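*Asks:* Here is how the chains run, residue by residue.
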Amino acid sequence: MKRIYMDHAATTSTDVEVVKAMEPYFSLKYGNPNSIHSFGQEAREAVEEAREKIAHLIGANPSEIVFTAGGTEADNYAIKGIAWANQKKGNHIITSKIEHHAVLHSCQFLEKQGFRVTYLPVDKYGLIDPEDVKKAITDKTILVTIMHANNEIGTIEPIKEISKVVKKAGVYFHIDSVQTVGHIPIDVNDLGVDMLSMSGHKFYGPNGVGALYLRKGTRIVNLIDGGAQEKNRRAGTENVAGIVGLGKAAELAEERLTQGKEKKIVRLRDKLIKGIIDKIENVRLNGHPTKRLPGNANFCFEFIEGESMLLSLDMEGVAASSGSACTSGSLTASHILLAIGLPPEIAHGSLRLTLGKDNTEEEIDYVIDILPGIIEKLRALSPFKGNWEGLN
Amino acid sequence: MGMYSDKVMEHFKNPHNVGEIKDADGIGEVGNPICGDIMKIYIKVKDGKIIDCKFKTFGCGAAIATSSMITEMVKGKGIDEALKISNKAVAEALGGLPPIKMHCSNLAADGLSKAIEDYKQKSKKK
Ligand code: FES
Numbered sequence: 001m002k003r004i005y006m007d008h009a010a011t012t013s014t015d016v017e018v019v020k021a022m023e024p025y026f027s028l029k030y031g032n033p034n035s036i037h038s039f040g041q042e043a044r045e046a047v048e049e050a051r052e053k054i055a056h057l058i059g060a061n062p063s064e065i066v067f068t069a070g071g072t073e074a075d076n077y078a079i080k081g082i083a084w085a086n087q088k089k090g091n092h093i094i095t096s097k098i099e100h101h102a103v104l105h106s107c108q109f110l111e112k113q114g115f116r117v118t119y120l121p122v123d124k125y126g127l128i129d130p131e132d133v134k135k136a137i138t139d140k141t142i143l144v145t146i147m148h149a150n151n152e153i154g155t156i157e158p159i160k161e162i163s164k165v166v167k168k169a170g171v172y173f174h175i176d177s178v179q180t181v182g183h184i185p186i187d188v189n190d191l192g193v194d195m196l197s198m199s200g201h202k203f204y205g206p207n208g209v210g211a212l213y214l215r216k217g218t219r220i221v222n223l224i225d226g227g228a229q230e231k232n233r234r235a236g237t238e239n240v241a242g243i244v245g246l247g248k249a250a251e252l253a254e255e256r257l258t259q260g261k262e263k264k265i266v267r268l269r270d271k272l273i274k275g276i277i278d279k280i281e282n283v284r285l286n287g288h289p290t291k292r293l294p295g296n297a298n299f300c301f302e303f304i305e306g307e308s309m310l311l312s313l314d315m316e317g318v319a320a321s322s323g324s325a326c327t328s329g330s331l332t333a334s335h336i337l338l339a340i341g342l343p344p345e346i347a348h349g350s351l352r353l354t355l356g357k358d359n360t361e362e363e364i365d366y367v368i369d370i371l372p373g374i375i376e377k378l379r380a381l382s383p384f385k386g387n388w389e390g391l392n
Numbered sequence: 001m002g003m004y005s006d007k008v009m010e011h012f013k014n015p016h017n018v019g020e021i022k023d024a025d026g027i028g029e030v031g032n033p034i035c036g037d038i039m040k041i042y043i044k045v046k047d048g049k050i051i052d053c054k055f056k057t058f059g060c061g062a063a064i065a066t067s068s069m070i071t072e073m074v075k076g077k078g079i080d081e082a083l084k085i086s087n088k089a090v091a092e093a094l095g096g097l098p099p100i101k102m103h104c105s106n107l108a109a110d111g112l113s114k115a116i117e118d119y120k121q122k123s124k125k126k
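Chains L and R, in that order, are what the protein sequence lines are. When we follow this note's numbering, the leftmost residue of the first sequence carries the number 1, and every step to the right adds one. When we follow this note's numbering, the leftmost residue of the second sequence carries the number 1, and every step to the right adds one.
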């Protein structure tokens with residue numbers, strides 16, 4: 001059976017060109033970039049070249065890029081690092097209710113240490129209101145951390161507008177860009193952010209490597225202590241092959257973006273959304289109709305549960321994901337779906353299909369073709385028939 | 001997918017005894033307090049034996065498979081014997097469930113005992 005991958009927000013394939021670029025840095029050019037000899041120096045060169053490519057992709061200066069072991073570490077570093085370094089100024093952090101756990105759990109950790117955190121609400125599309133940010137800022141606020149785009153419902157936040165109010169108050173601004181880097185054009189100066197997290201495996205780079213953009217002059221303390229790597233900002237011998245892969249992924253992403261390739265994905269996404277909404281009853285699109293990630297489509301199908309949809313789709317070769325309670329390790333519905341105001345029983349029926357650069361028109365047609373049958377079959381099993389009567 | 005046993009997947013793909021019984025002798029409805037799933041189970045009793053059993057479930061793959069399995073297990077059983085079917089027994093009959101999915105099998109076992117309770121209540125009134 002042909003398999004169709006529509007879970008790109010979870011992870012992407014590592015581009016073959018990325019793998020090719022990484023290969024020499026395992027067994028041939030294996031030097032430690034901190035060594036003086038030629039082995040070390042060729043590795044150092046590769047790391048710095050990657051740094052330049054990544055900086056270029058987001059309009060930053062190479063010296064402002066710090067490599068990490070992924071997006072989660074970048075988020076932890078930004079949030080805890082700023083909090084600890086600026087305690088004298090204040091103890092208040094502002095974030096939103098729909099952040100990734102890497103951000104939410106970092107904030108909760110800091111709360112236990114005496115920091116105060118405001119979790120901003122979002123509207124039904126998942127949008128944060130810059131006015132709410134403005135109102136939440138106090139003279140004790142030291143950091144605002146907001147995601148660039150939501151991993152589940154795909155909504156792109158008004159970062160530029162938020163930045164205006166944050167900058168006016170003289171507060172640090174971090175964005176979690178794990179879902180956007182490489183997928184939409186980004187310029188850190190245009191957005192007006194001080195820190196930005198990214199992750200390699202979300203844009204056709206390898207797993208286990210990411211970076212934090214750290215604006216020059218930002219007051220931050222380290223998360224990982226040890227050697228003097230990354231200009232004393234992140235200890236540990238560099239993951240040279242991973243960093244090279246991240247750099248190559250950035251270069252390829254920039255090529256695609258300058259060619260406007262994401263437009264093809266937007267077109268396929270809209271076709272998928274329309275096809276599903278047209279053919280199936282009692283379904284809703286989650287997230288904003290236009291302010292959304294190129295590849296993200298997220299629905300709630302009433303009266304059925306997400307995991308059973310995933311299993312049924314998987315049996316037909318389609319890989320997707322869900323924010324249903326049953327699919328989460330914690331057995332509670334996705335905090336994101338609840339934050340946009342969905343009742344738990346509706347969140348139960350969520351299905352996320354995230355497209356990537358290699359998905360084809362035929363694949364979209366196939367999913368539009370098979371999904372109605374799957375939904376119908378599962379609805380036949382459901383005690384709810386066309387309404388929620390009997391739900392207490 | 002490697003998450004579930006073949007037996008679970010079999011029952012998920014082709015669940016047995018799906019539906020409602022119009023003139024059921026007992027109906028049990030349970031909600032899973034953990035994840036919010038809901039199951040409805042119907043029984044038909046004759047001479048103290050369960051002669052038919054059907055279900056409807058709003059829930060995960062394991063919830064659907066355990067629902068299907070329990071309806072198979074109770075058919076032909078005396079009501080007291082049926083009451084003894086534990087969620088563990090259902091899970092075992094399915095070749096086991098992942099630890100995080102054990103609670104799903106409660107849905108089926110609790111649903112069944114509610115249906116039997118309902119039957120007992122109703123027959124008392126007669
Ligand atoms: S019933 Fe929800 S996890 Fe199985």
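Simulated from the structure, these hints should not be mistaken for laboratory data. Please read these numbers as outputs of a predicted model, since none were measured by experiment. No residue lacks a Cβ here, since even glycine has one placed at the ideal position from N, Cα and C. Among these hints, one or two may not hold up.
What the hints assert, rightly or not - With a straight-line cut-off of 20 angstroms between C-alpha atoms, the simulated PhoX-like cross-links for lysine-lysine are: (1) R:K22 <-> L:K385; (2) L:K385 <-> R:K88; (3) R:K22 <-> R:K75; (4) R:K84 <-> R:K114; (5) R:K84 <-> L:K377; (6) R:K75 <-> R:K46; (7) L:K279 <-> L:K385; (8) L:K167 <-> L:K216; (9) L:K53 <-> L:K271; (10) R:K7 <-> R:K22; (11) R:K7 <-> R:K114; (12) L:K377 <-> R:K114.
To be verified - Covered stretches of chain R (in silico footprint by chain L; criterion: 3 or more residues with CB under 8 angstroms from a CB of chain L, positions within the stretch not fixed): (13) 6-15; (14) 38-48; (15) 52-60.
*Asks:* Hint by hint, work out which the structure violates, then give me just those numbers in ascending order.
*Replies:* 2, 5, 9, 10, 11, 12
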